[in-house]
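Novice: Model the full assembly from the supplied sequences, consistent with the hints where possible.
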Amino acid sequence: MWEYTDKVREHFLNPRNVGEIKNASAIGEVGSLACGDALKLFLDIDENDRIVDAKFQTFGCASAIASSSALTELLKGKTLEEAEKITNKEIADYLGGLPEEKMHCSVMGQEALEVAIKTYRGEPIELHDHEGTIICHCFGVTDEQILRAVEENGLTTVEEVTHYTKAGGGCGKCVDDIQRLIDEATGKVAACEVPEPAARPTLSNIERMQLVMKVLNEEVRPRLKQDGGDVELIDIEGHTVKVALRGMCTSCPSSQLTLKNVVEKALQEQVEPELTVVEVSQ
Amino acid sequence: MTTIYFDNNATTKIDPLVLKEMMPFLTDYYGNPSSMHKFGGQVSSHIARARHQLASLLNAQPDEIIFTAGGTESDNTAIYSALEAQPGKKHLITTRVEHPAILNVCRHLEQRGYDITYLGVDEKGLLDLEELRAALRPDTALVTIMYANSETGVIFPMHEIAKIVKERGVMLHTDAVQAVGKIPINLETLPVDYLSLSGHKIHGPKGIGALYVRKGATFRPHMRGGHQEHGRRAGTENTASIVGLGKAAELAQLSMEIENTGVKHMRDTLEKGLLKAIPESIINGDTESRLPNTTNISFKHVEGEAILLMMDGFEIAASSGSACTSGSLEPSHVLRAMGVPFTYAHGSIRFSLSRFNDDKEIKIVLKELPEIIKRLREISPYKDEEGAEAPKRPCTCS
Ligand SMILES: Cc1ncc(COP(=O)(O)O)c(C=O)c1O
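Chains A and B, in that order, give the protein sequences. Just so you know, we're using full-length UniProt numbering here: the first sequence kicks off at 1 and counts up by one. Just so you know, we're using full-length UniProt numbering here: the second sequence kicks off at 1 and counts up by one.
Just to be clear, a hint being listed does not mean it is correct.
Unchecked claim - DSBU-like, lysine-lysine: derived pairs with alpha carbons at most 35 Å apart:
| # | chain 1 | residue 1 | chain 2 | residue 2 |
| --- | --- | --- | --- | --- |
| 1 | B | Lys124 | A | Lys260 |
| 2 | A | Lys118 | A | Lys78 |
| 3 | B | Lys124 | B | Lys166 |
| 4 | B | Lys374 | A | Lys118 |
| 5 | B | Lys90 | A | Lys265 |
| 6 | A | Lys225 | A | Lys173 |
| 7 | B | Lys13 | B | Lys124 |
| 8 | B | Lys13 | B | Lys215 |
| 9 | B | Lys360 | A | Lys7 |
| 10 | A | Lys55 | A | Lys7 |
| 11 | B | Lys367 | A | Lys7 |
| 12 | A | Lys22 | B | Lys360 |
| 13 | B | Lys20 | B | Lys206 |
| 14 | B | Lys13 | A | Lys225 |
| 15 | B | Lys124 | A | Lys173 |
| 16 | A | Lys260 | B | Lys90 |
Said to hold, decoys possible - Between beta-carbon pairs, the in silico distance windows are:
| # | chain 1 | residue 1 | chain 2 | residue 2 | range |
| --- | --- | --- | --- | --- | --- |
| 17 | A | Gly228 | B | Gln61 | 44 to 54 Å |
| 18 | B | Glu130 | A | Cys171 | 21 to 31 Å |
| 19 | A | Thr157 | B | Arg96 | 25 to 35 Å |
| 20 | A | Leu13 | B | Lys363 | 14 to 24 Å |
| 21 | A | Cys171 | B | Glu288 | 49 to 59 Å |
Hints were generated in silico from the structure; no laboratory data involved. For every residue, glycine included, the Cβ atom is placed at its ideal position computed from N, Cα and C.
Specialist: Set out below in structure tokens:
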């Protein structure tokens, strides 16, 4: 059960400003049924760019409805310039806070507002085509959205980013990209510096031997041992690593696969890409 | 006001008779059943009785019952036992709609080099048995298929499944946590090797369960230590809970009739009433082969958590397959596997009844829920539109 504040409950049970505005000055629509929440924000804006009325329709959970209600309350009476400055954090604060996992509901409110204002000003509304590239394909979240959530809310972990933007909450394939964005935003990596694989120094024979032994002992052998197998380093000649398979591996019909997929792969990735592994009988 | 409890597939109320049976073992009879004195030793006869009661419910032999700490432990034990006993076999078959106690073990095994076949289900939540037949391989160590689904109540044809699997000499486990006590199970005629059950789903205590291991089936213990349970599950017995589980099994056997008449009738009244009163509502899962206590209904264009919270205002407790109730962002894996469209998947509510419910409670839900759905649909931007319109975000989560 979620820990909702009384204010969230109250705004969920008695949401303010539900409905449509006929001939609204601006409409902001975000989310979709597939994503599990969607918000349609209607604004009535006077000639002085002041929001005289705001209404919403929301499909979503209790906190999505409460966030929409809070947003419309925050908006009424504000000029567009003031409204523009509203962050998702303000929406959440208005409600006395939201559970971490539900912060994306407040982000949805802030995004709908952004879309509405852009529509009104005649700026391009295809938010995502014009603001960065999609990182999370499950929920269609862009790098810009992630960076913004990170900066405005001081996020430091992928989990937090998922709570705030949903990014990474589907198949999870993008979590590394999200981590990269967090590192970028928090200054661990300079933004322009795409983390290219660092150029490897060429290894001396001794260094190579030591590294190979380290990877074999620390990674490869424990993995094989789980299945009752083992591997022994016999020799290294140039870029050829000679090993002997032991234990279950000797009788295992897929031992050649193990050799290539496990042993060679680990060594290529962690020592030198040029390495090949061959089996010798000893 | 007391809670109207329609979440019995999540957990159940302890039957007062079960509690009564347990109390002495939480007070006076605290002895260790393994002890060499009368004071402890007398407890062991009560454990033996519980084993009998449970065996009787399943028409099994008492020594085929191993007490565990619940459904999750039974599931884990069954899978690891089958794998350890057949180290050369690296393939498992299961379904996409299992409980996480199976699915997450399988995912973990995949990382350790095992090959897992996840059988799909059709839109009614039913398996294609030909797919099962085709998936069996010489290196299949275990087939693990749940007896009945916790979310939809759909019952899998375990006798047919067992026939197919045992014909090929492959080991078979069934997670019967949701089926036990709700439908008759006869292990004399059903040739599964392992079967899991859990106490807190049958009006017994939490943290206790059992694994049935067919006589002659290979078994490797998951918990090693003392010689309890004949060395098959180490650890000083949870005596009070074991006694409680035994009593719960006895009562389940006595209530089987009620479960399939009275409880079923209440479920049907609730279901029919809701479908009639609420437009654009559908039942998820096959209605023929289904537990008598469960109905899973989806309401188009509303979100499950919002429904639950509004029902909570009327002290009505149920559960939802909506993403927002699970902490994950995706709706229920079971409904997804069935291909329930997103317009409905987010708005699913599961009502699971028990013999402790009554007609009055059904009436209250039938009165309040249509209003709740109406209110939420008034808030929803989709209410007027037929089907989902093109998502504004390029959402590809299908
Ligand atoms: C089908 C199924 N299997 C396993 C479990 C886990 O049982 P327990 O809670 O006793 O560990 C449950 C209960 O949530 C269940 O419904």
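Novice: Which numbered conditions among the earlier hints are violated in the structure presented, ordered from lowest to highest?
Specialist: Hints 1, 12, 14, 17, 21 are the ones this structure does not satisfy, whereas the remaining hints hold.
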